[in-house]
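Chain A is already provided as a structure; the job is to place chains B, C, D, E and F on it using the hints.
There are 6 protein chains.
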Amino acid sequence: MTREDGRADDELRPITITRNWLDHAAGSVLVEFGRTRVLCAASASEGVPRWRKGSGLGWVTAEYAMLPAATNTRSDRESVKGRIGGRTHEISRLIGRSLRAVIDYQALGENTIVLDCDVLQADGGTRTAAITGAYVALADAVASLKASGALAASAQPLTGSVAAVSVGIIDGVPRLDLPYVEDVRAETDMNVVMTGDGKFVEVQGTAEGAAFDRSELDALLALAEKGCADLTRLQGEALAR
Amino acid sequence: MTREDGRADDELRPITITRNWLDHAAGSVLVEFGRTRVLCAASASEGVPRWRKGSGLGWVTAEYAMLPAATNTRSDRESVKGRIGGRTHEISRLIGRSLRAVIDYQALGENTIVLDCDVLQADGGTRTAAITGAYVALADAVASLKASGALAASAQPLTGSVAAVSVGIIDGVPRLDLPYVEDVRAETDMNVVMTGDGKFVEVQGTAEGAAFDRSELDALLALAEKGCADLTRLQGEALAR
Amino acid sequence: MTREDGRADDELRPITITRNWLDHAAGSVLVEFGRTRVLCAASASEGVPRWRKGSGLGWVTAEYAMLPAATNTRSDRESVKGRIGGRTHEISRLIGRSLRAVIDYQALGENTIVLDCDVLQADGGTRTAAITGAYVALADAVASLKASGALAASAQPLTGSVAAVSVGIIDGVPRLDLPYVEDVRAETDMNVVMTGDGKFVEVQGTAEGAAFDRSELDALLALAEKGCADLTRLQGEALAR
Amino acid sequence: MTREDGRADDELRPITITRNWLDHAAGSVLVEFGRTRVLCAASASEGVPRWRKGSGLGWVTAEYAMLPAATNTRSDRESVKGRIGGRTHEISRLIGRSLRAVIDYQALGENTIVLDCDVLQADGGTRTAAITGAYVALADAVASLKASGALAASAQPLTGSVAAVSVGIIDGVPRLDLPYVEDVRAETDMNVVMTGDGKFVEVQGTAEGAAFDRSELDALLALAEKGCADLTRLQGEALAR
Amino acid sequence: MTREDGRADDELRPITITRNWLDHAAGSVLVEFGRTRVLCAASASEGVPRWRKGSGLGWVTAEYAMLPAATNTRSDRESVKGRIGGRTHEISRLIGRSLRAVIDYQALGENTIVLDCDVLQADGGTRTAAITGAYVALADAVASLKASGALAASAQPLTGSVAAVSVGIIDGVPRLDLPYVEDVRAETDMNVVMTGDGKFVEVQGTAEGAAFDRSELDALLALAEKGCADLTRLQGEALAR
Amino acid sequence: MTREDGRADDELRPITITRNWLDHAAGSVLVEFGRTRVLCAASASEGVPRWRKGSGLGWVTAEYAMLPAATNTRSDRESVKGRIGGRTHEISRLIGRSLRAVIDYQALGENTIVLDCDVLQADGGTRTAAITGAYVALADAVASLKASGALAASAQPLTGSVAAVSVGIIDGVPRLDLPYVEDVRAETDMNVVMTGDGKFVEVQGTAEGAAFDRSELDALLALAEKGCADLTRLQGEALAR
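Protein chains in written order, with full-length UniProt numbering: chain A, 1 to 241; chain B, 1 to 241; chain C, 1 to 241; chain D, 1 to 241; chain E, 1 to 241; chain F, 1 to 241.
Since the hints were made in silico from the structure, they are not lab data.
Be aware that a few hints might be false.
Said to hold, decoys possible - With a straight-line Cα cutoff of 30 Å, these simulated DSSO-like cross-link-like pairs (lysine-lysine) come out: (1) B:K226 x A:K199; (2) D:K81 x A:K81; (3) F:K199 x F:K146; (4) A:K53 x A:K146; (5) C:K81 x B:K53; (6) A:K199 x A:K226; (7) B:K199 x B:K146; (8) D:K53 x A:K81; (9) C:K146 x C:K53; (10) E:K199 x E:K146; (11) F:K226 x F:K199; (12) E:K226 x F:K199; (13) D:K81 x F:K81; (14) A:K81 x E:K81; (15) D:K53 x E:K81.
This structure is a prediction, so every number in the text was calculated from the model and none was measured.
The shape of chain A in the complex, shown without the other chains:
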């Protein structure tokens, strides 16, 4: 009983991390988890939001969005509807929190980095792909701030790396990195964000069909630990290129 795309239950989809996909942004990454394709752009600017001025601390935030044609059936633009939906809000906040978990505000100084994660094509796991790619764009932006002199060469605003993956139970079997066809069938769905040294930043598990028990939760966490470790390695390789 294998998966539709032939993967093992604990295997990631083919992951591609293309750096410098844009010419202007301080850091930009096109990240692909299978057919899911997210453009992560890091824009760096001097100064911080008003409520933080004079604190000597930097700021990192994120915005997530989906192009209308990213999904199977075209979805309406939030700019046209005039309001941002709950799902978009929720994911933007999640990405921001995840990245801030590895930021030393003091070391960043009064600089702001905004991570724009725009889903060009969606096939499940867009938020986890976004976090994984955004970390790489963020690392490039930090390097760019150093190159431009906005940050001292010795500054270490990144205290570690961060990656994310989805896990879920399909037909009673825990699986890693769900594409859309698995996602809609999952009884339980969990997104896990972890640091490169194996600690948890976010754990968001939801019973879609039936409530899950402690042993199922443990199995999902183990799978996520495996997937995040793989992604951490791939991020490292991409940054080394």
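Below, chains B, C, D, E and F alone, put in the same frame as chain A:
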């Protein structure tokens, strides 16, 4: 090293569940977790949203909001700002998902129940209080639908009960049901929603300060299991009155 | 031919004024006119809106809103609709003007008091209950400003008290303090705001069915004078407790 | 001690009512109260809003707005701000209620008439000018519905006429039809809407400076009765032309 | 084969330019192109938008809008809809650019002039009438700034004049200044803005039915040159009065 | 005196047209004009907007937007601002009109095609790149409708092809296809949309600095004719691949 309010680390705040707080709503509960006070009102109506018409299935949804003077410093109304914030969206969605986990749509028939959870006073744990109170209001609304004949006396639209509690690590110690003063100091903060028979519906853990490891996660889950069991018992007592 | 609830035509519904209903607000009152229940919270802060800065004058304003389940049939949230309706705007402005009629801005100094009047349950007369309760919350907020030293103990920012009541003609008979069932049947409906010493602050009369003549207007005004005098006495008793 | 513009205290400003000011609208009136200039256009259409369909009853509503350059200092457009202000809402509702007081919905049949009252130049009394002009435009629209056959020649959807005027107390003296310079100085300000046969439709009195007593209220009402009678006569003359 | 209104193909509709139509605005013009009637009001104020402060340069901008009853069938208010439509945005921007083409910002100094162009009645060509009238209001506003001393008598902020006209091909024949009945039938529709000395400021041609070739384009441009020259003369006469 | 990027004055930037860039959309093209990069996705669906139902005619529309990091300095999201700007509206409308110029609605039948043009990177000429790419995506969508049977194989809903290019005068010299550095310096700027057989669909010329005369206009039109012919050839080659 006791807590400011003298509680044991695995002890809930004083919990009050007052049913029938309003005259009009099908079910209404004023729920108090210490000084946190949430008014949960269930409005039942025949029919379902358009996208569900003719399916024979019911619908349950929730809206969360906070009165301006609920917090220490007055916050602006979202109606005045003209848009709902990300936090509000996120919590409304969480409450809705939590309640739907114990709903049998078929048994509910084409009826809709909306749970309005309005925070009259906030002192930490508003979303978990809201879920805990909303379940009781929902149970009363189901009874009211039966009383009015909109639902057959034999229908069982509720497949179980649901309760929620917050847990967190403060100064390295896992604690149950955090009030505001503890919440702001927590290194890790988790909201857990469970069914009355001890299964998980939602697990949302966030590293506020430092990332957390697996053993800390396990300790928090154990604490949440204890707290939800206590709340399940209190819900049962309230419904039995 | 008595009223459905057995009251005399010039008799108020049972009035309850519960002070200090909230822990955070400078003043907070749960006011009840029969089944109409309004939570009035006064938030005091140093400083005034920008257009008033440096004037040495204070500011008092009000916001009125209704919880979705306050009415018989659930009404949509204005925050969800993304705009405030005309009725809400109108009542917020009325409450603000009414309270400002008894404020000495000079004596208040550059402090701002916001009165939030949230209708928890509606059964006619929500705006008049709101004004009546908000005055008591305002008086408590002034006392709180003095207690905190933000205002000199000798300052007298309140030049008097203010109360409000609805009157209307039902089946040709003028009646005081209309509940919902009378309100919808009224040919003429009037809201009157008066000071504690018997002067008019606002008179808002509307012909719902047929236009009214001068003698009907006079009868309604007399009834309102009686009702406001009763409310003034009840406000005094509440503040004396 | 005369008024700045030389009028007696109970004298209206020069009133001009120009019918058929537009080519398209079913009725259109440019009404001038001194320098206040309001364009009132009545658009008639078959059918009624959804909530009224099949009732056999018609509908009349109104929208009030002010051009940006109508006032001394340019005011921002509400379309640009993206929301309608409380004052605009309030006046639109007042005009609508005032006109509906003289409408027999049954006789109107399932037709809708919308009255657009756009203030081209503002110098006090824009809402009372709007009501006075809108009635004439409404009468013309009814005639136009008859001419087009949408209404039977014998139908009498208008049960009377309606006019409005402002009154106020300036330096202790009650005065009729206040221009801007008097309006800002008024201690008490009242807008009164009356039918052609001398009954009240709306009485809206507001204490701007100090609360007012019953005898002041009586003096203002008497003045308003005089002013509305004068306006009723001028409306009749305009419609006879 | 003449036009419905008897004009020659290269003839403008009757043009009326009435100056000083309002009492408050620095410049105000009621401009009529046949039945199209646009009120153009210029409001002048000291200072410039924030992004221009300290530059020593002035600013000129425009806002276009249409009253609901201006068209044959009533159109909804953009303030009620809560958003400005694409067509309104587009025309406002066009008017602003057109006027700025004849402004010397340096000579204007840090003053701002806003041109409000409100269509009271629409019968084709509202944007070209607006530009033509707005220029005259702008000239009057400049004179008013000089009269009030806000601008030196010797300052020359206007470097020329500007006028606009529509041209189109109907049944294969190029025609000048299209009323609504011709506009809807035009295969090609062009709006041309020109300076008083015969240069182009804006050329906006659109194939409504079929694409047009170069010779048709040339014919339309010639017609527009003739029309703008006529309008320039009429503007001069109006300003000389 | 050559151009910064070494091109001849009448030479296009390197143009790339990559078809099938997305997996879901009926047609999708990544079009590049130098560093300008626009993703054009065509979504086809059965049925038409309500106002067109039952007419037997199809509908084609377009939406243009820019990712926040597309420009040198990050720009705010219109979804976050809650409203679409004038420029976005204007360009969306232009793209829609341009494509509709080569559509036979009858032959399309009651199908709708939406063209989403999202600028991933901006370096001048985004609207002309969008139109040029959108045509190719549209052609692919038509083929896809035929392949799926929604359209008869013999249907010819496309009556031709359409392409667009910008031209401008820099330092007195007319140039083709302006990148950002030239665009900001242009005295006159024109966007021209043409059919594959050399006719004009849209001509939008704007004097940025000084008004332009007829001979300059003629030179720009000639340059645009050359550029559109080149683009038409490149579109044909892409579609032939």
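**Message:** For each hint given before, does the structure comply? Return the numbers of the non-compliant ones in rising order.
**Reply:** No numbers; nothing is violated.
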